[in-house]
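Trainee: Sequence:
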Amino acid sequence: MTSEEVEALKREMHTELHRHATTLRDLLLLIFNRVEAVKKGYEKLDSNEKVLQKYLEDLTSIYQTTALDSHEKH
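Letter 15 of the sequence shown, counting from 1, is numbered 15 in this note's numbering, and no numbers are missing.
The set of hints was computed from the structure by calculation and includes no laboratory data. Hints are not guaranteed to be accurate.
Unchecked claim - Taking lysine-lysine pairs in the DSSO-like style, the calculated list, with each CA pair at most 27 Å apart, reads:
#, residue 1, residue 2
1, LYS50, LYS40
2, LYS54, LYS44
3, LYS40, LYS54
4, LYS39, LYS50
5, LYS39, LYS54
Kindly generate the complete structure, drawing on both the sequences and the hints.
Mentor: Here is the structure:
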């Protein structure tokens, strides 16, 4: 193998390695963005769950108070 062939092979390998690195970087960015989107969705669901729990607690409290008042009147 001549020195020109070795240099050409090195350039080809470097180009291929750079292409693979770029592809991996792009894929990692896609994965990161997807994880962030899922995380935001989870946080929204968690927040909504807390609101619903508070709402149910309030309804239960109102029902218990109403039932107690109704029972005391009879």
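Trainee: If a hint holds in the structure, say so; if it does not, say that too.
Mentor: Status of each hint after checking the structure:
no.: 1; hint: LYS50 x LYS40; verdict: 15 Å, holds
no.: 2; hint: LYS54 x LYS44; verdict: 15 Å, holds
no.: 3; hint: LYS40 x LYS54; verdict: 21 Å, holds
no.: 4; hint: LYS39 x LYS50; verdict: 17 Å, holds
no.: 5; hint: LYS39 x LYS54; verdict: 23 Å, holds
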